[in-house]
Amino acid sequence: MRAVIALVLVAFVAGCGGSSVPKSSIRKRRKRRRQTVLIPTASPRKSSVTKPGTGQSAETTRSDSGEFIPKQERVPVGASKELWDAWKSFQKDYLNWRQKWDAMLERKESGQDIGEAEIESMLSQTRALQKRMFKVRNLADSLRGKDSLAEGVVHEIDRDAAVNLGRAVQTLLDWRSAGR
0 MRAVIALVLV AFVAGCGGSS VPKSSIRKRR KRRRQTVLIP TASPRKSSVT KPGTGQSAET
60 TRSDSGEFIP KQERVPVGAS KELWDAWKSF QKDYLNWRQK WDAMLERKES GQDIGEAEIE
120 SMLSQTRALQ KRMFKVRNLA DSLRGKDSLA EGVVHEIDRD AAVNLGRAVQ TLLDWRSAGR
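With numbering that gives the first Met the number 0, letter number 74 in the sequence shown gets 73, and the count goes up by one each step, no holes.
Some clues are possibly wrong.
As the list claims (entries may be wrong) - For lysine to aspartate or glutamate, the following DMTMM-like pairs were computed, each having C-alpha atoms within a straight-line distance of at most 20 angstroms:
#  : residue 1 : residue 2
1  : Lys80     : Asp140
2  : Lys91     : Asp101
3  : Lys107    : Glu117
4  : Lys107    : Glu119
5  : Lys99     : Asp112
6  : Lys130    : Asp84
7  : Lys80     : Asp92
8  : Lys107    : Asp173
9  : Lys87     : Asp140
10 : Lys87     : Glu150
11 : Lys99     : Glu119
12 : Lys130    : Asp159
13 : Lys99     : Glu115
14 : Lys80     : Glu150
15 : Lys130    : Glu119
16 : Lys134    : Glu150
17 : Lys145    : Glu81
18 : Lys99     : Asp173
19 : Lys145    : Asp84
20 : Lys99     : Glu117
21 : Lys87     : Asp159
22 : Lys87     : Asp157
23 : Lys134    : Glu81
24 : Lys130    : Asp140
Honestly, the hints are just simulated from the structure, not real lab data.
Construct all of the structure, not just a fragment, from the sequences and the given hints.
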């Protein structure tokens with residue numbers, strides 16, 4: 000019995016320990032295998048997305064995630080053109096609004112005064128963007144199950160845009176009432 004166990008143990012150690020193939024060849028094979036792995040997503044084959052100002056390639060996301068990919072003109076597979084165009088347009092305007100909002104918050108935090116006209120203007124822009132957001136969300140909600148982009152759009156709006164726009168409206172109303 001001991002002889003059988005010893006023989007199995009020796010065979011196991013010999014099998015795990017050595018290989019006739021040089022380690023550099025194994026590394027090359029593993030590296031090649033990693034490079035050729037196919038990811039089963041509907042993402043574009045080639046992405047022309049770059050980070051602003053750097054020209055370096057940016058990370059791409061799944062095209063059906065609902066996440067906005069700048070300069071992607073192609074409608075993702077399984078998505079309706081109507082939803083894609085509405086989502087792209089909303090995201091572009093939302094990102095522009097977000098830059099203005101962040102700049103306004105920085106000014107307020109640094110102690111600068113923000114005029115009532117500027118608060119009213121931002122409140123008007125924010126409410127208009129909110130209305131557009133609800134239109135896009137309702138469109139995406141009505142296309143759930145039929146459109147590959149719909150689920151991602153609803154998720155992105157609920158997770159990010161709705162929260163930020165809602166907070167902004169409340170903050171602007173608070174600033175307006177404090178200024179009066």
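Going down the list of hints, with the structure as the test:
1. Lys80 with Asp140: Holds, at roughly 15 angstroms.
2. Lys91 with Asp101: Roughly 16 angstroms separates the two Cα atoms, so the pair holds.
3. Lys107 with Glu117: holds, 12 angstroms
4. Lys107 with Glu119: Holds, because 15 angstroms separates the two Cα atoms, which is no more than 20 angstroms.
5. Lys99 with Asp112: Given pair Lys99, Asp112 holds - Cα atoms ~16 angstroms apart, limit 20 angstroms.
6. Lys130 with Asp84: It holds: about 16 angstroms lies between the C-alpha atoms, which stays within 20 angstroms.
7. Lys80 with Asp92: Since the Cα atoms of Lys80 and Asp92 sit roughly 18 angstroms apart, the hinted pair holds (cutoff 20 angstroms).
8. Lys107 with Asp173: holds, 13 angstroms
9. Lys87 with Asp140: holds, 16 angstroms
10. Lys87 with Glu150: holds, 15 angstroms
11. Lys99 with Glu119: holds, 14 angstroms
12. Lys130 with Asp159: holds, 15 angstroms
13. Lys99 with Glu115: Distance of about 16 angstroms is within 20 angstroms: holds.
14. Lys80 with Glu150: Within the cut-off at roughly 15 angstroms; holds.
15. Lys130 with Glu119: holds, 17 angstroms
16. Lys134 with Glu150: Roughly 15 angstroms separates the two Cα atoms, so the pair holds.
17. Lys145 with Glu81: Since the Cα atoms of Lys145 and Glu81 sit roughly 13 angstroms apart, the hinted pair holds (cutoff 20 angstroms).
18. Lys99 with Asp173: Status holds; Cα separation ~18 angstroms.
19. Lys145 with Asp84: Given that 20 angstroms is the threshold and the Cα spacing comes to 17 angstroms, the pair holds.
20. Lys99 with Glu117: Distance of about 11 angstroms is within 20 angstroms: holds.
21. Lys87 with Asp159: holds, 15 angstroms
22. Lys87 with Asp157: holds, 16 angstroms
23. Lys134 with Glu81: holds, 12 angstroms
24. Lys130 with Asp140: The hint holds at about 15 angstroms.
When the structure is compared with the earlier hints, no violation turns up for any of them.
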